[in-house]
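Protein chains: 2
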Amino acid sequence: MQRYFLPRESFVNDTATLPADVVHHIGTVLRETPGYRMVLLDGTGLEYEAEVVTLEKKTGTARVLERRQATTELPVDVTLAYALPKGDKIELVAQKGTELGMHHFWVFESKRSVAKWDAKKAPKKVERLQKIMQEAAEQSYRAVVPMCQHIRPRELTDRIDSFDAVVIAYEEQAKQGEQAAFATVLKALRPGVKLLLIVGPEGGFDESEVNEWTERGAQACAFGPRILRSETAPLYALAAVSYALELN
Amino acid sequence: MQRYFLPRESFVNDTATLPADVVHHIGTVLRETPGYRMVLLDGTGLEYEAEVVTLEKKTGTARVLERRQATTELPVDVTLAYALPKGDKIELVAQKGTELGMHHFWVFESKRSVAKWDAKKAPKKVERLQKIMQEAAEQSYRAVVPMCQHIRPRELTDRIDSFDAVVIAYEEQAKQGEQAAFATVLKALRPGVKLLLIVGPEGGFDESEVNEWTERGAQACAFGPRILRSETAPLYALAAVSYALELN
Chain W
1 MQRYFLPRES FVNDTATLPA DVVHHIGTVL RETPGYRMVL LDGTGLEYEA
51 EVVTLEKKTG TARVLERRQA TTELPVDVTL AYALPKGDKI ELVAQKGTEL
101 GMHHFWVFES KRSVAKWDAK KAPKKVERLQ KIMQEAAEQS YRAVVPMCQH
151 IRPRELTDRI DSFDAVVIAY EEQAKQGEQA AFATVLKALR PGVKLLLIVG
201 PEGGFDESEV NEWTERGAQA CAFGPRILRS ETAPLYALAA VSYALELN
Chain G
1 MQRYFLPRES FVNDTATLPA DVVHHIGTVL RETPGYRMVL LDGTGLEYEA
51 EVVTLEKKTG TARVLERRQA TTELPVDVTL AYALPKGDKI ELVAQKGTEL
101 GMHHFWVFES KRSVAKWDAK KAPKKVERLQ KIMQEAAEQS YRAVVPMCQH
151 IRPRELTDRI DSFDAVVIAY EEQAKQGEQA AFATVLKALR PGVKLLLIVG
201 PEGGFDESEV NEWTERGAQA CAFGPRILRS ETAPLYALAA VSYALELN
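From first to last, the protein sequence lines stand for chains W and G. Heads up: the first sequence begins at 1 in our numbering, then just goes up one per residue. Heads up: the second sequence begins at 1 in our numbering, then just goes up one per residue.
Treat the hints with care, since some could be wrong.
Computed cross-link-like contacts, DSS-like style, restricted to lysine-lysine with a CA-CA straight-line distance of at most 25 angstroms [to be verified]:
1. G:Lys-89 / G:Lys-131
2. G:Lys-58 / W:Lys-86
3. G:Lys-111 / G:Lys-89
4. G:Lys-86 / G:Lys-125
5. W:Lys-89 / G:Lys-131
6. G:Lys-131 / W:Lys-187
7. W:Lys-89 / G:Lys-121
8. G:Lys-86 / W:Lys-131
9. G:Lys-58 / G:Lys-111
10. G:Lys-187 / W:Lys-89
11. W:Lys-125 / W:Lys-89
12. G:Lys-89 / W:Lys-86
13. G:Lys-89 / W:Lys-131
14. W:Lys-89 / G:Lys-86
15. W:Lys-131 / W:Lys-116
16. G:Lys-89 / W:Lys-125
Covered stretches of chain W, going by a simulated chain G footprint (3 or more residues, C-beta under 8 angstroms) [to be verified]:
17. 4 to 13
18. 223 to 237
If you only want the chain G side, here are some residues facing chain W, beta carbon under 10 angstroms, derived [claimed, not checked]:
19. Glu-99
20. Asp-118
21. Ala-119
22. Pro-123
23. Glu-127
24. Gln-130
25. Gln-134
26. Ala-136
27. Ser-140
28. Ala-181
29. Pro-191
30. Gly-192
31. Ala-244
Don't read these hints as lab results, they were simulated from the structure. The beta carbon of each residue, even a glycine, is placed where N, CA and C say it ideally should be.
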């Protein structure tokens, strides 16, 4: 069944108000009519099986038939803090990271980030990533759309204390043959805890950055013995979180 | 250190003959000269620390200083059989699959593959993927370049018996909440065995295909409760293989 995220306030009792973009998708793209069944999501983790009742040009309503807790969210709350890479790789990570279950996507400029977002353009870039993430969330049966934020490196450091576990992807660890740290962190996670994954740009992190974070309790980890590209490391990490916590 | 794959016959005693593309990269791209140190790979799993001795216009030689077994290969031999997706996603999977450690990359047309490679064009497409995989292997510190082959669906089915374990990515399993099968397969793997991962195109596999393979011993698996895109599923599977066998 087709899935649509709706603002939370769209749901009143057993009726959901459908916004213009959803109405357009149902009526014009899918050419469906009242009676069409779909899944609506309020972004809090609930999903609603619903049926279209009215379909006007720019608005519509649906009747909720069943309300249930979604079972497609990772059992831990995962934030990916990703240092801005070159080109459009950030979009790949936004999309795949959503499919793989991340809950928050923080973009920041690390010391070796070649690309920079200027303050004026950043909101537009965040908005574009947010749109990619919403589409990916609908496609992948997520019950929550991850939130994208552009943050300063200082904020990242300051927020470390609010997490239960913090992992830094650090390729020096891979080169030195360190292998156990990441699995040790994942095995200690309990449902509901907050995990932060910090992944660097093409040139990796500066040692001073890694030191600043490890002093606050972050763990530098290798994701296997191979050297992964900047955009591959977050996908490895998220797949491993899913494997360790959902399949094992 | 920069890494280059050389044909096996380039190594004679302690001398390696450098082909034109490597000479071009060292002399023209990097602007290096005799004395430059690098790692040469013969594609069998050995790596050679070496120093440039001569650098002509189209050829050169290097002296091997140290020869060692690489430690960057997955402990099991992994073949990814990937049903042709739309567009250029196949290139993403070739590149990321190499970074994540696959050894063989088989491309085939499944029943729901919208894209088709005609017999005339296939060799050129395979050659292009092979080039992407060689570059990815050098960048990711692999000791082996995965081999790309375009095979017929019939061949895939016939080859299943030659593997120790065969996993089919099957999203119907994800929708039904099946979660344990993949981890059960991975936990039973011993070093050196042969694992085949079969991943479908955008529309997934036809039930008849899955039945044909499971009758021969393949295991249909979910990669977590979310629905992954065709190009994301192989990356999840390979990351999980690495996590289960290399980090645990």
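The hints, checked one at a time:
1. G:Lys-89 / G:Lys-131: Judged against 25 angstroms, a Cα distance of about 16 angstroms means the pair holds.
2. G:Lys-58 / W:Lys-86: violated (33 angstroms)
3. G:Lys-111 / G:Lys-89: Holds, at roughly 18 angstroms.
4. G:Lys-86 / G:Lys-125: holds (14 angstroms)
5. W:Lys-89 / G:Lys-131: The given pair, whose Cα atoms are some 21 angstroms apart, holds under the 25 angstroms limit.
6. G:Lys-131 / W:Lys-187: violated (38 angstroms)
7. W:Lys-89 / G:Lys-121: Not OK: Lys-89 (chain W) and Lys-121 (chain G) at ~29 angstroms, beyond 25 angstroms, violated.
8. G:Lys-86 / W:Lys-131: Satisfied, since the Cα-Cα distance of roughly 22 angstroms is no more than 25 angstroms.
9. G:Lys-58 / G:Lys-111: The hint is violated at about 47 angstroms.
10. G:Lys-187 / W:Lys-89: violated (33 angstroms)
11. W:Lys-125 / W:Lys-89: Within the cut-off at roughly 13 angstroms; holds.
12. G:Lys-89 / W:Lys-86: holds (19 angstroms)
13. G:Lys-89 / W:Lys-131: At roughly 21 angstroms apart (the allowed maximum being 25 angstroms), Lys-131 (chain W) and Lys-89 (chain G) satisfy the hint.
14. W:Lys-89 / G:Lys-86: Holds, at about 19 angstroms.
15. W:Lys-131 / W:Lys-116: holds (20 angstroms)
16. G:Lys-89 / W:Lys-125: holds (24 angstroms)
17. 4 to 13: violated (count 0)
18. 223 to 237: It holds: at least three residues are needed, and the stretch 223 to 237 of chain W offers 10 whose Cβ sits within less than 8 angstroms of chain G.
19. Glu-99: holds (5 angstroms)
20. Asp-118: Since chain W brings no Cβ nearer than about 29 angstroms to Asp-118 (chain G), farther than 10 angstroms, the hint is violated.
21. Ala-119: violated (32 angstroms)
22. Pro-123: violated (28 angstroms)
23. Glu-127: violated (22 angstroms)
24. Gln-130: violated (19 angstroms)
25. Gln-134: Given a least distance of 15 angstroms, the restraint on Gln-134 (chain G) is violated.
26. Ala-136: Status holds, d = 8 angstroms.
27. Ser-140: With a closest approach of 5 angstroms, the Ser-140 (chain G) hint holds.
28. Ala-181: holds (8 angstroms)
29. Pro-191: Interface hint status for Pro-191 (chain G): violated (14 angstroms vs cutoff 10 angstroms).
30. Gly-192: violated (17 angstroms)
31. Ala-244: Where the cut-off is 10 angstroms and the nearest Cβ of chain W is about 7 angstroms from Ala-244 (chain G), the hint holds.
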